[in-house]
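Peer 1: The chain contents come next:
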Amino acid sequence: MTGMVALYIFMLAAFTGYEVISRVPVILHTPLMSGSNFVHGIVLVGAIVALGNSHTTLEKSIGFVGVLLAAGNAMGGYVVTERMLEMFKTSGARKGGSGARAH
Amino acid sequence: MSRDLLIQISYFVTAVLFILGLKRMSSPVTARSGILWAGAGMLVATVFTLAYPGITNYPLIGLAILVGGSLAWWSGKVVAVTNMPQMIALYNGMGGGAAAAIAAVELYRGDTGNYAVTTLAVVGGIIGAVSFSGSAIAFGKLQGLINRSLRFSGQQVINLLLLIATLVVGGMVAAHLNASPTFVTSFFVLALLLGITMTLPIGGADMPVVISLYNALTGLAVGFEGFVLNNAAMIIAGTVVGSAGTLLTQLMAKAMNRSLGNVLFSGFGDTGGTAASGTVSGSLKPIEAADVGVMMAFAQKVIIVPGYGMAVAQAQHKIWELCQLLIDRGVTVKFAIHPVAGRMPGHMNVLLAEAGVPYDLISDLDEINAEFETADVALIIGANDVVNPVARNDKSSPIYGMPILNADKAKNVIVIKRGQGAGFSGIENALFYLDNTRMLYGDAQKAGAELIQSIKAVG
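Sequences listed follow chains A and B, in order.
Under numbering that gives the first Met the number 0, read the first sequence as residues 0 to 102, first letter to last.
Under numbering that gives the first Met the number 0, read the second sequence as residues 0 to 458, first letter to last.
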């Protein structure tokens with residue numbers, strides 16, 4: 000990828016992120032922050048490549064920590080986001096009253 | 000088809016799934032499927048990356064994914080809804096740490112052979128490391144492991160010096176394509192220290208903004224390391240999160256009527272405790288739950304203002320049960336949500352959604368503020384700074400200028416509160432001393448149960 004193409008990707012991705020979130024209602028801010036937290040868990044693929052190409056003990060140790068942390072970011076981000084959005088599903092159907100009376 | 004092309008295609012699919020997933024997550028109707036789409040994207044990218052040419056150390060990779068993934072899966076499953084904000088901070092910090100680790104591997108190896116790539120690795124390394132240690136501090140503060148906001152005179156000078164030192168050493172690392180390991184190590188130590196010292200003085204009330212900022216920073220760090228590894232999936236996903244997170248951070252800072260620089264460098268919340276307490280006069284007037292029950296049962300309009308105290312007491316179910324009793328009696332009930340109530344934007348909405356409160360009863364600050372004047376009762380449940388009238392009229396207060404819910408305009412204000420202490424930010428609340436305010440002391444869950452009893456007793 001040449002430098003200019005990389006710059007274009009960076010610019011377009013930045014606008015995409017801005018546009019995607021600009022129409023979000025306040026009630027979804029926390030789930031969306033959690034969701035975007037999950038999305039940057041993609042650092043996992045970079046950590047895998049870094050560890051996969053490591054040869055010295057130092058590189059392997061750092062790479063191992065990197066993959067471990069990245070897997071935590073991706074998995075934790077997914078579970079927490081899913082749990083949050085699960086709640087919106089029950090009340091989102093406007094049957095909130097009946098759902099709550101079950102408690 | 001070559002293996003490399005296949006991986007590139009898988010990353011393309013992942014990028015599309017991520018963007019569509021985030022898009023779906025921005026509407027309540029499709030939000031639930033959004034995370035599934037994004038999750039599928041993550042799975043595709045991870046599986047195809049394992050087929051990357053020249054990858055070795057598979058046992059180590061497998062072990063790291065297994066340990067990191069299962070620990071995070073378990074912690075994410077068992078954490079209480081109220082503690083989710085600090086878990087987001089924690090997972091976010093892990094992502095920042097991973098980005099810094101990628102930078103570290105590349106810089107210690109020193110074979111990038113390109114100044115632009117080394118510079119990007121250094122920049123991503125700083126941001127990732129700051130996000131890692133800063134998020135860890137934010138987690139510690141929200142979890143109650145770190146109680147005090149550490150402040151001393153000259154702190155900002157030290158932070159500035161630390162920032163300059165990090166940049167200088169980072170610049171030296173970037174300028175030598177093959178920097179010595181000592182340099183690289185001291186660079187990362189400095190960056191980690193910077194994250195700690197930057198976050199320690201920031202008061203609790205500002206933590207949501209800080210977590211959101213670190214979320215955006217981690218995204219940026221991931222994007223930069225994506226350039227280093229020439230990995231399109233990381234570049235796109237990281238940059239999208241970086242810009243989306245920056246916008247969200249700005250929205251939150253704006254809701255508090257403060258600039259981001261102000262949040263980061265003013266040491267909010269610590270000076271307030273003593274400075275503002277002198278401006279409040281009058282006494283706290285307690286009330287019994289039975290009296291509040293009668294007051295609400297015969298009211299026409301009740302506005303509920305939930306805050307972190309409701310989250311701590313897990314009182315959302317009891318409160319909704321209480322509201323349903325009132326609605327059955329013909330009382331108009333509304334929930335007023337301040338943008339920064341709780342520990343994150345929308346934190347209260349998540350809790351109320353959990354309890355099953357329908358969306359149309361929940362109003363934002365702009366929608367509800369004019370309605371307080373017509374409300375018979377404003378019921379404040381563990382909220383504090385977001386209803387403090389000093390934000391309107393006391394120029395010396397650290398929260399002066401922050402938009403607040405005008406709960407003091409209601410005919411009666413009932414405050415459910417655990418004790419007589421100041422709020423999370425340490426500022427004395429003038430609302431509690433007003434003539435039309437009564438204090439109902441106790442845990443929000445217990446108080447909610449008592450109120451339900453007393454309303455049922457009214458019949």
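It is possible that part of the hints are untrue.
To be verified - Pair by pair, the computed Cβ-Cβ distance ranges are:
no. : chain 1 : residue 1 : chain 2 : residue 2 : range
1   : B       : Lys-445   : A       : Glu-85    : 34 to 44 Å
2   : B       : Phe-11    : A       : Arg-22    : 43 to 53 Å
3   : A       : Glu-18    : B       : Val-46    : 43 to 53 Å
4   : B       : Val-77    : A       : Glu-18    : 30 to 40 Å
Said to hold, decoys possible - These stretches of chain A come out as covered by chain B in the derived footprint (C-beta under 8 Å, 3 or more residues):
no. : segment
5   : 13-23
6   : 38-52
7   : 71-81
Rather than coming from a laboratory, the hints here were simulated on the basis of the structure.
Glycine included, C-beta positions come from ideal geometry on N, C-alpha and C.
Peer 1: Confirm or reject each hint.
Peer 2: Now the hints, each set against the structure:
In this structure the hint that Lys-445 of chain B and Glu-85 of chain A lie 34 to 44 Å apart at CB is violated, the actual value being about 28 Å. Roughly 25 Å separates the CB atoms of Phe-11 of chain B and Arg-22 of chain A, a value that falls outside the hinted 43 to 53 Å. Our hint of 43 to 53 Å for Glu-18 of chain A and Val-46 of chain B is violated, since their Cβ atoms are close to 29 Å apart. Against the hinted window of 30 to 40 Å, the Cβ-Cβ separation of Val-77 of chain B and Glu-18 of chain A comes to about 36 Å, which satisfies the hint.
Under a criterion of three residues with beta carbons nearer than 8 Å to beta carbons of chain B, the stated coverage of the segment 13-23 of chain A is upheld, 10 such residues being counted. For a cut-off of 8 Å, the count of residues in the segment 38-52 of chain A with a CB near a CB of chain B stands at 15, and the three-residue condition holds. With 11 residues carrying a beta carbon less than 8 Å from a beta carbon of chain B, the segment 71-81 of chain A meets the three-residue requirement, and the given coverage holds.
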